[in-house]
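Chains as they are written, first to last, in my numbering: chain A, 1 to 262; chain B, 1001 to 1239.
These are computed hints drawn from the structure, not numbers from a lab. All values derive from a computational prediction rather than experimental measurement. Please note that a few of the clues may not be correct.
[Stated by the list, open to error] Stretch-level coverage of chain B by chain A, calculated; a stretch enters the list once three of its residues show a Cβ under 8 Å from a Cβ in chain A: (1) 1058-1066; (2) 1110-1120; (3) 1162-1173; (4) 1222-1235.
Think of the CB as a built atom: it goes at the ideal place given N, C-alpha and C, for glycine as much as any other residue.
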Amino acid sequence: MISGASRTPLLSARSLAKSYGGRPACQQVSMSIDEGEVLAIVGESGSGKSTLLNLLSGRLAPDTGEVRYRMRDGVERDLARLSEAERRLLARTDWGFVHQDAALGLRMNVSAGGNIGERLMAVGDRHYGQIRDTAANWLTRVEIGIDRIDDKPTAYSGGMRQRLQIARNLVTSPRLVFMDEPTGGLDVSVQARLLDLIRGLVADLGLAVVLVTHDLAVARLLSHRIIVMKEGHVIETGLTDRVLDDPQAPYTQLLVSSVLAA
Amino acid sequence: MTAHPDTIALVVEDLGKSFTLHMHGGTRLPVVSQVGFEVHAGECVVLGGPSGAGKSSILKMLYGNYLAGSGHIRVRHGRALVDIVEAEPRAILDIRRMTLGYVSQFLRVIPRVPAIEIVAEPALAAGVERTAALERASGLLHALNLPERLWRLPPATFSGGEQQRVNIARGFAGEHSILILDEPTASLDAVNREAVIGLMAARKATGTAFVGIFHDEEVRARVADRIIDVSAFAAREAA
């Protein structure tokens, strides 16, 4: 067994900082994530957790600090030094990004099959029959009936859109997926189904996931490790069950004790 | 580090813990201090002492679920002795996958996952092939008398005793060389208590080490090789 410490992490960030108009949204954040690891970033709105996610995924440039990613060829690269073409290729192949609002992650006027096929075509797949088969296969994996393959996401329910968004992201076999409140705004029963699906896929595919959520129950169910943020700072980090069951920082204790146990 | 014989599974040294309640003016609640004991392969050590003495807290520290305030918890993981107190989260997860199992008092139900899958999961995580893992899960559910019609159902609607049997089966399904048991028999009837004692005896015979809490005196007397009175480690309030 290879020990985690001696290997280069998949993604690592050092001293990330970002301000909006002089207001710091993210300050001195360092972290790393390995293959197959699920890291939850939790905090209340305005804590900087979404800013951190956007910095880590290269959607936002940091004021200071750097994010490094180990590419499929094993070479570690500084995100800021990638060309625009390299960054786009990374985002549509080796990475996924699941938005809370499915409309941001899907083409709402393109069929479900087309939404999945588009990522495949972007990496050079041209065989229509194969693309359609792969799309159908992925719809099944995310529990969407194949008879819905030609429907547009506008005709889908919220939970189905989210599952379609996940299929679109996973079709290129990414190693790292960013998720921004993937179950936010869904009904509880729909949420449970989606969480179960994500849990299964993450384990089966050995995905690394950076998951932003304000829901500690979601973090407990899905993540191995947790980062607690407040006002742009990392307040506490550690093993998920340790942080939730024996929180050390005053803010984490407040956060954990504020949740109603069902 | 001092030399330990090969049969050592777990060494606890000078372990201490207190809670600081920041929501309550920083009140400090001392739990235990200077806890020390060893557990060997094939041995069952039971933590005794009155309720509130810190038995559960010690078990949770052994598992890395609670943060130790001081001291060491050295666990034989493969050929190395790894200190849980200082281990990185990733190392603790690896230890939990391969070496250290934990059976809590209650099953944490995962929506939509059938009982048999919940039980098989630790075996799969340890690298056991799927058919073999499911076979092992079936064997355990059988041994614990869970009706077969329930195996494919998610345990959310099961009774407390049924859920606890799923929980115990899950705890025994992995490849762990050390099992931590926090009152596993509390909600079981006599027949199933007997089943748990049987499962423990079988695992002890193959070298699994146990650390546990058992309130039922008869069960305790039958499973314990040694009983450690935790009140000896009562925390003294630091100045």
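I'd like to know which numbered hints this structure contradicts. Please list them from smallest to largest.
Structure breaks hints 3 and 4.
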